[in-house]
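Protein chains: 2
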Amino acid sequence: MALISPISSSNGKTFNQKLFSRIRVAIESDVPHIYKLMQQLFVYHDITHLLKSTESSVTSGLFNPKFPHLSPVTTLLIEVSANPFPSCLNDKTSSKEVDLNMPLIDEESEQFRVVKYDQHDVFIAGYVMFYPCFSSFFENPVFHMENFFIRECYRSKGFGKWLFSTMALEAARMGFSSIDWYASDWNESALGFYKHMGATISDDFRVLSLAGKALEAFEDDSN
Amino acid sequence: MALISPISSSNGKTFNQKLFSRIRVAIESDVPHIYKLMQQLFVYHDITHLLKSTESSVTSGLFNPKFPHLSPVTTLLIEVSANPFPSCLNDKTSSKEVDLNMPLIDEESEQFRVVKYDQHDVFIAGYVMFYPCFSSFFENPVFHMENFFIRECYRSKGFGKWLFSTMALEAARMGFSSIDWYASDWNESALGFYKHMGATISDDFRVLSLAGKALEAFEDDSN
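In order, the protein sequences belong to chains A and B. In terms of this note's numbering, the first sequence opens at residue 1 and continues consecutively. In terms of this note's numbering, the second sequence opens at residue 1 and continues consecutively.
Hints should not be assumed to be uniformly reliable.
Since the list gives no way to pick out one identical chain from another, each pair is judged satisfied if it fits inside one copy or across any two copies.
As the list claims (entries may be wrong) - Under the rule of at most 30 Å between Cα atoms (straight-line distance), these lysine-lysine pairs were calculated in the DSS-like manner: (1) K161 - K213; (2) K213 - K195; (3) K213 - K157; (4) K13 - K213; (5) K36 - K161; (6) K96 - K213; (7) K18 - K213; (8) K96 - K52.
What the hints contain is simulated information worked out from the structure, not anything from laboratory work.
Full structure from sequences and hints, please.
Given below as structure tokens:
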């Protein structure tokens, strides 16, 4: 009788030898997964105190705007499976397979299981979120990259490069002038990755915001 | 016969005692002025090499989008005149007067003359440009402040605070969660002003961008 149960095998999905993956555009039913990824992103950056959005507000923001005239936000998801994905006519969907040198265990697989597929176990591995906007710097619009995150167990497999490249290709094909975003200055691996992708890093800009009571004060003053 | 002509008095508008001013929403015919202000903003920040937009692209971006689905950009202008502005029913327009301790000379007044008014000399003194967008940080949308600039001869008169407050009041009234923007880290007077306005300055974010050939390379790779 074993007193210690094999936690890792019972509490997660194990991938052996091959990992099949694809990128697709997120739909409204993906929001619970997107919000969990967003929470992990904020934990990773140690800024959970700044996370004021909710699953409900993300649903509104992405799929059901309460506020008119906002640029639509695109979320691309990476899905992984132990089985090949069926071929798909949607040209925004592409797939690839990764050879694993050793078994990969996703201990949080049940939290990120895509429930709409009956035949296969499919899980969300990461996401990128961006929207188009005007820029005074450039002739054409730009993408602002709002979030970019690959779950820990799926890193160093080329997924980040693939996901980023898919967004960058979309920007280039649309004739956009740039992709702009922020990154934490302590995150050397991310900065190194972005440099490798061709990004320019500005040292002389600070990021400012006016929020909460400081913003509300302007309305109080006007009364 | 004077060999040296009195440049400052003949080449500019002099305001004595009082400066009347108002804030209004820019229209398409304002773009030549807006683009000149934008050029001065980029000169002030010593980043003219980064100015790839043109008067034509600013017109498209603000008033005649070539690209669909972009958040509309609002530009608020400060106009000044030696004479009071006629009362206006547009509630986005407000006006105020400034007492001058000494005459104010606007040497570039002819470049910034508003030609549509027949009765009075009216000149553009500054602008703020912003657009609404989604934010993963907040429950409601935010404004991204793209540009903020007061022409040099009109600084230290309270115009910056008035213009910024007008935008902030609009954000607060719309129920938006924040205004976000970048500022140069060497620009202590601007950072001090923004702090005084209630802004939070983040030290640990870097601003990144992927533009030009580095972005186009993604399209080349896909062919």
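So, going through the hints one by one against the coordinates:
1. K161 - K213: Classified as between: cross-chain Cα gap 18 Å, same-chain 39 Å, threshold 30 Å.
2. K213 - K195: Answer is between: at 14 Å across copies they meet the 30 Å cutoff, but 37 Å inside does not.
3. K213 - K157: between (43 Å within a copy, 26 Å between copies)
4. K13 - K213: Intra 45 Å, inter 41 Å, cutoff 30 Å: neither.
5. K36 - K161: Answer is within: at 22 Å inside a copy they meet the 30 Å cutoff, but 40 Å across does not.
6. K96 - K213: between (48 Å within a copy, 27 Å between copies)
7. K18 - K213: For K18 and K213, the Cα distance exceeds 30 Å both inside one copy (51 Å) and across copies (35 Å).
8. K96 - K52: Answer is neither: 35 Å inside a copy and 37 Å across each miss the 30 Å cutoff.
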